[in-house]
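*Asks:* Given the structure of chain A, go ahead and fit chains B and C onto it with the hints provided.
Chains as they are written, first to last, in the numbering used here: chain A, 1 to 482; chain B, 1001 to 1095; chain C, 2001 to 2485.
Some hints could be false.
[As the list claims (entries may be wrong)] As a list, the in silico BS3-like pairs of lysine-lysine whose alpha-carbon atoms are at most 30 Å apart: (1) Lys2130(C) to Lys1092(B); (2) Lys1092(B) to Lys2079(C); (3) Lys341(A) to Lys2215(C); (4) Lys2130(C) to Lys341(A); (5) Lys2079(C) to Lys341(A); (6) Lys373(A) to Lys2079(C); (7) Lys2215(C) to Lys1010(B); (8) Lys2290(C) to Lys233(A); (9) Lys1010(B) to Lys341(A); (10) Lys2215(C) to Lys1092(B); (11) Lys1010(B) to Lys2130(C); (12) Lys411(A) to Lys1010(B); (13) Lys2207(C) to Lys2172(C); (14) Lys1010(B) to Lys2079(C); (15) Lys233(A) to Lys2079(C); (16) Lys2457(C) to Lys2433(C); (17) Lys373(A) to Lys1010(B).
It is worth saying that the hints were derived from the structure and are not from the lab.
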Amino acid sequence: MLDKTLAELAQGLAAGEFSSTELTQSYLDRIKAEDGALNSFITVTEEQALSQAQAADQRRAAGDAGPFTGLPIAHKDIFCTEGVRTSCGSRMLDNFISPYNATVIENFNRAGAVSLGKTNMDEFAMGSSNESSFYGPARNPWNTECVPGGSSGGSAAAIAGGLVPGATGTDTGGSIRQPAALCGITGLKPTYGRVSRYGMIAYASSLDQGGPMARTAEDTAIMLNVMAGFDPKDSTSIDKAVPDYTLTLNDSLKGLKIGLPKEYFSDEIDPQITAQVQAAIKEFEALGATVKEVSLPNSHLAIPAYYIIAPAEASSNLSRFDGVRYGYRCNDPVDLEDMYKRSRGEGFGEEVKRRIMVGTYALSEGFYDAYYKKALQIRRLIQQDFVNVLTEVDIIMGPTTPHPAFKLGEKTSDPVAMYMEDIFTISLNLAGMPGMSIPCGFANGLPVGLQLIGNYFAEQRLLNAAHQFQQATEWHRQTPAR
Amino acid sequence: MSLDRSDVEKIAHLARLNIAGQDIQEYAENLSSILDLVDQMQAINTDDIAPMAHPMDAIQRLRIDEVTEGNQRDHLQTVAPAVEAGLFQVPKVIE
Amino acid sequence: MEWEAVIGLEIHAQLATKSKIFSGASTAFGAEPNTQACAVDLALPGTLPVFNAEALRMAVLFGLAIDAEIGYTSVFDRKNYFYPDLPKGYQTSQLFHPIVGTGHVDIELEDGTTKRVGVTRAHLEEDAGKSLHEEFPSMTGIDLNRAGTPLLEIVSEPDMRSAEEAVAYVKKIHSIVTNLGICDGNMSQGSFRCDCNVSVRYKGEEKFGNRTETKNINSFRFIEKAIKGEIERQIDLLEDGGTITQETRLYDANKDETRSMRSKEEANDYRYFPCPDLLPIVIDDEYVEKLRSTLPELPDARKARFIEQYQLSEYDAMVLSAYRDLSHYFETTANIAADAKLAANWVMGELSKHLNQNDTEITASPVSAEMLGGLLLRIKDNTITGKIAKQVFEAMWAGEGSADEVIEAKGLKQVTDTGAIEAMVDEVIAANKPQVDQYVSAEPDKRGKMIGFFMGKVMQASQGKANPGQVQGLLKQKLDALANS
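Next up, chain A with everything else stripped away, as it sits in the complex (with noise of 0.2 Å):
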């Protein structure tokens, strides 16, 4: 039963196949078995999970079973689950049991999900390796020696190495696409305030947006299903209709309008993901879609813009952990000033420091305008940009990253050479438009992935195509060799 889709996992639980019981226990055994060479879990919550599924089980049993009921899924360790650890891949919160559950976490517990457990990120979510992480990096399970992407990817990791149909993630640049690309899954990063972001840690308050990660369309749309909705505890969280993502999944193609930025065709992109992106193209074009050329010039501005952005908010987010209510407190300090420096100094890993001192740097007096409110500026430029394109087209397709997968510790001595990678992903997030990235093909045995982008809430449209897509091809049926 393992290596089926959530999807089918449903038809099974639901045909009584298999129980939800039967189905937990065989993904326990096999996180137990094989994440030691994946470190894709930070924490495995077998005794939550078991009790989740032997509740799931009773609700069919008793009639009450709902499309989600039963099916196992893992969190990325960025959600507050209550009484399990919450560590957000950094030292400084290895000690913290969440007292509370994040509203995604609720929302799937009131669907009758099972949480296998916690995994693994980039520490804080930033990074783009999950070498960041306090917990050591997780694998590719294509290569082990390469990295999954980031920051949730012990998420796509642990779904393309086959130990759980489902994961959620979260995107602040990048962090659901590129990681998902890597590791040749799908991922979806929804419209900025689709998904509630309470109880998910913040990195980046105006970027961050969590999102579903499976291994097809369908599978991340049955999550959508659960995760996407009003929260009155968010205030940035949208007050508008969910649909059911699935219903729309089927319909035809004909008359779709794809547009190709040329600025993400350029030569600096490894020429074998060019080949594998525009191969798939021609296979919507075969689906009845259209395509034109169409032009983002300010692309080139979204890395510059999100590296003020994104770790200014990162800076003031990150004050809280400062060892007085929760989380980490350094040993004997003198004084408060000794206990806030060295508890944030020895919580913090470096490439979280590095951004909180950007962040703090680019907020102070002086250089407010210069880099802040610039930055603002910038990205209303780059929205306009989306804004502009997508009154021509339907979807914006282009690749999800610039490499496919590299080896671990290969950039981890040039941040900015790190940064890169994100190119084509972290515009999306300025705009806050959804985006998914989903498998079409590999460069020298290593997964491509193919980005999808479209409207303010258009979620559907993605998804539809992305469905539209795997129904005719089957680079989202390839799995690593075990």
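*Replies:* Just chains B and C now, kept in the frame of chain A:
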């Protein structure tokens, strides 16, 4: 834009981050290269562009004024590093 | 050269909401430490703020009350600094786009004139928790019950020139926020606090001197003393050739002096930026006009009405109009007694004296307005004298019943029976021969004064119950008869 040791020390103090003396130089170099990256923004004239703090021009929703949270002290203080008599403890603050 | 003080004030008024500005925890005062601090107030990872509608309503109402520009789009900013009673490591405030812009209030000066004081702005922010330094030998304890209580920070222009003007301004703002019902005004509990910015300069000079900020003063009297002391200190220092350091000072009420707070090692760099967890607050004319229609009568308007309607003096009208409960009490009493002047005298006299002595709020007065009105009626219809009335008031304060009940129980009814009074008058005249002789031999224009002696004796004999008018009339008639015989 290039930062020197004293810049790094000043920023680290503002952010209350202890940085080991031998690491300061590396921080200075890394931060400088990040600032070089973001300085690409300065080439663009944005005089007439309204800053965009949020993706959508949504407005603040209001919460009805009612008490929904009761006393959860014991539960919430289970994760606290040091508590005495219901108070969070920190090294003595001298004013 | 003459010195001149320049004073600007920042007042922090806690808004009287039930729950906090960004969370559903209670704002009630005096709870056990940290029992009113929820996950949001503790800034647990992942928690988010949602803005309280009532805090918005109260802030806008204040803006309308001081005739201010209303911020139709206001924005929350983060003020970043580390302190253990500031859980998020930033205070959510409004720097760039406050909810209330420029407005003004009028204050009454001692010479009877009024002066207009400008209000620069008023903005919403969250209060911090409390650091308790004395509870433990080597540690500071943090109580976050107060963290997240909504504050309206009201910033004045540097328009005041003396401690008295500053106090008059603070009292005016205090009376406005309590009249609006947006702040309980309790200064000892810290619901209404004041930071004073003080500088001095030579009169006629335009440039401001270096100013100091004295923080968190919590009584009108301390505000006056702290400012006076600070002005004196600055003048002394300058006259001795010194300079004023721009700094934050603390007022020590026990020593009645301000002292410098340990200067922070670095200049503050608060790194303000718009809070990304909150969206701009946008209100429209409809919202504002609806609120305007709910504005209660404010002290200035009420004062004018009291002068017009009750013919009160400027001073009485000012005192009685300042607070809603006091005004209501006065008007109720005045209407029952059908005598505003008498009611004003009693409310500002006997009643206020008792309230102050017993530290009692007017709303908790054992003598209600209805009871006081009943008492005044008995003065007016000559049932009792004014002097006896004070005795009755005491008894009413002690819970012995209404005026009529007390008068009846104690037999305090005024004696108006002419025969009884005449007997007492005759008795006093007979018993005080030397004083009668003096009266008779005195020049007629001196006699009026001397009658007081006999008055006193008769009133004493009647235990204060004889009608003073009748006594006086009879005494004069009888003594003058003796003199003219």
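*Asks:* With the threshold set at 30 Å, check whether the alpha-carbon distance from lysine 2130(C) to lysine 1092(B) stays at or below it.
*Replies:* Answer holds: lysine 2130(C) to lysine 1092(B) is near 13 Å, not above 30 Å.
*Asks:* For the pair supplied as a hint, lysine 2130(C) and lysine 341(A), confirm whether the alpha-carbon distance does not exceed 30 Å.
*Replies:* holds (22 Å)
*Asks:* Does the structure keep lysine 2079(C) and lysine 341(A) at a Cα separation of 30 Å or less?
*Replies:* With Cα atoms ~19 Å apart, lysine 2079(C) and lysine 341(A) stay inside 30 Å; holds.
*Asks:* Assess, step by step, whether the Cα of lysine 2290(C) is no farther than 30 Å from the Cα of lysine 233(A), and give holds or violated.
*Replies:* holds (27 Å)
*Asks:* Can the restraint linking lysine 1010(B) and lysine 2130(C) be considered satisfied, given a maximum Cα separation of 30 Å?
*Replies:* holds (28 Å)
*Asks:* Sort out whether lysine 2079(C) lies within 30 Å of lysine 233(A), counting only the CA atoms.
*Replies:* Status holds; Cα separation ~22 Å.
*Asks:* Verify the proposed pairing of lysine 373(A) with lysine 2079(C), using a straight-line Cα cut of 30 Å.
*Replies:* Holds, at roughly 16 Å.
*Asks:* Check the hint pairing lysine 1092(B) with lysine 2079(C) against an upper bound of 30 Å on the C-alpha distance.
*Replies:* holds (24 Å)
*Asks:* So if I understand the rule, the pair passes when the alpha-carbon distance is 30 Å or less; does lysine 373(A) with lysine 1010(B) pass?
*Replies:* holds (22 Å)
*Asks:* Under the criterion that the straight-line Cα-Cα distance not exceed 30 Å, is the pair lysine 2215(C), lysine 1092(B) satisfied?
*Replies:* holds (21 Å)
*Asks:* Does the alpha-carbon distance linking lysine 2457(C) and lysine 2433(C) stay inside the 30 Å limit?
*Replies:* Holds, because 13 Å separates the two Cα atoms, which is no more than 30 Å.
*Asks:* Please verify whether lysine 411(A) and lysine 1010(B) have alpha carbons no more than 30 Å apart.
*Replies:* Answer holds: lysine 411(A) to lysine 1010(B) is near 28 Å, not above 30 Å.
The structure agrees with every numbered hint stated previously.
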